[in-house]
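Take a look at the letters that make up each chain.
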Amino acid sequence: MELLSYDFVQRGILTGLMVGISSALAGVFLILRRMAFLGAGLSHAAFGGIALSMVLGVQPFLFTAFFTLLVGNLVQLVTSHRRVPGDAAIALVFSGGVALAVLILGWVKGFGEYIFGYLFGNILMVTREELLFTSLSFLIVLIFFSLSYKRLVLLSFSEELAKLKGTNIALMNHLLISVSSLVIVLAIKAVGIILASSMIVIPSLTALLIGRSFLSSVLISVGVSVLSVLMGIVLAFYYDLPPSGATVGAMILLFSLAFLKKSLSS
Amino acid sequence: MYVIEVEDLYFSYDGKTNVLEGVSFKVGEGEFVGVVGPNGAGKTTLFKLLLSFLKPLRGSVKLFGKDIRHFREWERIGYVPQRLGVEQNFPATVKELLSLVADRERAKEIAEYLHIDFYIDQQFLKLSGGQQQLILLGMALASNPQLLLLDEPTAGLDIHAQMHITHILRELSSNEGKTVFMISHDIGLVLKNADKVLCLNRNVYYYGEPEGSVEVIEELFGISRGVRNGTP
Numbered sequence: 058m059e060l061l062s063y064d065f066v067q068r069g070i071l072t073g074l075m076v077g078i079s080s081a082l083a084g085v086f087l088i089l090r091r092m093a094f095l096g097a098g099l100s101h102a103a104f105g106g107i108a109l110s111m112v113l114g115v116q117p118f119l120f121t122a123f124f125t126l127l128v129g130n131l132v133q134l135v136t137s138h139r140r141v142p143g144d145a146a147i148a149l150v151f152s153g154g155v156a157l158a159v160l161i162l163g164w165v166k167g168f169g170e171y172i173f174g175y176l177f178g179n180i181l182m183v184t185r186e187e188l189l190f191t192s193l194s195f196l197i198v199l200i201f202f203s204l205s206y207k208r209l210v211l212l213s214f215s216e217e218l219a220k221l222k223g224t225n226i227a228l229m230n231h232l233l234i235s236v237s238s239l240v241i242v243l244a245i246k247a248v249g250i251i252l253a254s255s256m257i258v259i260p261s262l263t264a265l266l267i268g269r270s271f272l273s274s275v276l277i278s279v280g281v282s283v284l285s286v287l288m289g290i291v292l293a294f295y296y297d298l299p300p301s302g303a304t305v306g307a308m309i310l311l312f313s314l315a316f317l318k319k320s321l322s323s
Numbered sequence: 667m668y669v670i671e672v673e674d675l676y677f678s679y680d681g682k683t684n685v686l687e688g689v690s691f692k693v694g695e696g697e698f699v700g701v702v703g704p705n706g707a708g709k710t711t712l713f714k715l716l717l718s719f720l721k722p723l724r725g726s727v728k729l730f731g732k733d734i735r736h737f738r739e740w741e742r743i744g745y746v747p748q749r750l751g752v753e754q755n756f757p758a759t760v761k762e763l764l765s766l767v768a769d770r771e772r773a774k775e776i777a778e779y780l781h782i783d784f785y786i787d788q789q790f791l792k793l794s795g796g797q798q799q800l801i802l803l804g805m806a807l808a809s810n811p812q813l814l815l816l817d818e819p820t821a822g823l824d825i826h827a828q829m830h831i832t833h834i835l836r837e838l839s840s841n842e843g844k845t846v847f848m849i850s851h852d853i854g855l856v857l858k859n860a861d862k863v864l865c866l867n868r869n870v871y872y873y874g875e876p877e878g879s880v881e882v883i884e885e886l887f888g889i890s891r892g893v894r895n896g897t898p
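Sequences listed follow chains A and B, in order. Numbers 58 to 323, taken from our numbering, label the letters of the first sequence in order. Numbers 667 to 898, taken from our numbering, label the letters of the second sequence in order.
Only chain B is shown next, with the shape it has when bound in the complex:
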């Protein structure tokens, strides 16, 4: 059984221009898949369709073998959104945020696992970008999900924070068998860590091993060198 099955998926916001056209792919258990593509390629839209925030124009989406229209086991999915759009004076602490999605015992476990326990009483908005991403990852892990959907979890972070988060994701995939499906603009990071790369630009340009994706990525982003070194 596949964790994600997408078949001939179409979507349009205005009914005229398709954001996604005939997208098909399957993701197996424990796989780490990196989704890359230029701005406006439909990556975040694809996530919203997987989370049932949007309804497909055509085609099907299955999660854990079940059609998305009938899927109700959302605790099996952990999600890290791209933007929070939270008010600048939002006052909640890390502990308060974790308590919204996990009981005390589980919140403690997550805090220890992610090493965020020493700033658990601090306000979320006063933390660095990397620390905030760890909290969001912690919230996503609250229900011990089998599938993690992450929309740009390393965007805007310094290299240490990027490496730290990627290391945790790699560990969750390899050691705990969680399926990781991650959008990233950092092609080097995806090529280095993902088991598979999904190159998206309205439809799937490439889906497979990272090694085979380099030429497609170069073509997709209009670049000619440097991808292999992670510096496009």
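So that you can see chain A by itself, here it is in the shape it has in the complex:
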């Protein structure tokens, strides 16, 4: 295939697969833990992190990953004591991140074009450095979900039962948020800040609609995500479309098919 002969396409496909699998895994648990909106909140908080990294002149991906991880854990901390409702805290970091970015962009001129790439992402413009960062993050995500799978399923079922079985709920929530923050930063490279949360939500939602068991739902979520990323890259390459829009469009198409199947069978 002509497509695969290009270095940038190979990097894009590899990155897309890793981002797709990571976000699909995180998405299932975030939705079942009623934290679906977290993806949108953190990706917009990350916007502030990206703008800040430009001013500070540091590596944007690494800095944004730490920034998002910090914000995510702060959200978890203030909501765990039930002083602030979870959705309100997420809305706060959502607007806070955008406000920070707008302030910085207004103050420091000349970053407009640079920031555009982060807003809409482009998986076909992944650098070798970013591929390495994605690979390491992917490894962390895989290790976390392999080791915590049973605990996370029980936690999604009943916090009280999970607690009785020795799960530290607060620690597990912080770990899930931390890993999800990392996944969000990866998704930003693939589809951009504005569409990053769709990588978390749409494949998982599709899977939970038609999955007949927990494991099959996780596998369907991964399948939908990977297929959408590949469809997005192919469409972008041959029809000169933005890969982020094509990827999310493919996800919505697969969700609609699943919804139709579910509606017809019930």
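Keep in mind that the hints were calculated from the coordinates and are not lab data. There could be a bad hint or two in this list.
To be verified - Calculated pairs, EDC-like style, for lysine to aspartate or glutamate (alpha carbon to alpha carbon, straight line, at most 20 Å):
1) LYS222(A) - ASP769(B)
2) LYS222(A) - GLU771(B)
3) LYS222(A) - ASP733(B)
4) LYS222(A) - GLU741(B)
5) LYS222(A) - GLU739(B)
6) LYS220(A) - GLU741(B)
7) LYS220(A) - GLU753(B)
8) LYS858(B) - GLU877(B)
9) LYS207(A) - GLU771(B)
Fit chain B to the supplied structure of chain A, relying on the hints for placement.
Same frame as chain A, but now just chain B:
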């Protein structure tokens, strides 16, 4: 040695109004105790204190002779919660849920014992209320516990499902010597099956044989007849 020992227990959520005041009682091995009381009487709070999900304001709780603050043998306790609050599209099957708390052999044993093996591959949320309660009981039995804490295990179930679950609990208590400590709003069911009744409304109004509890229950619930027939 008592399985549960509660001594002069106080608890408050806001530090102003006590939900529990001076609660004391002891539960022996193999006993079936039914906990009754009106809404807001502190029944679920008492369970949360027994499970160490909450910390007492004052007083002590001992499980198997050990102070709750130092108790770590949670596998000796099986718990069936009142509400799961699970997402409506939670996809796990019965087999998957059992595998979270038991190895394959034990999960099979439980499924056969509770006769849930024929719907083991079905999704939990697609089962009836009675079947779901059986699964929760199965999960509680996974570690072969000596004490079962059940928060309204028969709430919202039809009469057949209620009788089936109560029969299993009675059997676990009588034949296997497990201690059953169960909250229920179904007073008739408690009076018929429990060895002892604990009437709770912030403090203990009555604790003893079911026969002696009828007048207290009538007073506690503001009812005047029918308790003896199980139709308050």
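Problem set entry | Hint numbers contradicted by this structure | none
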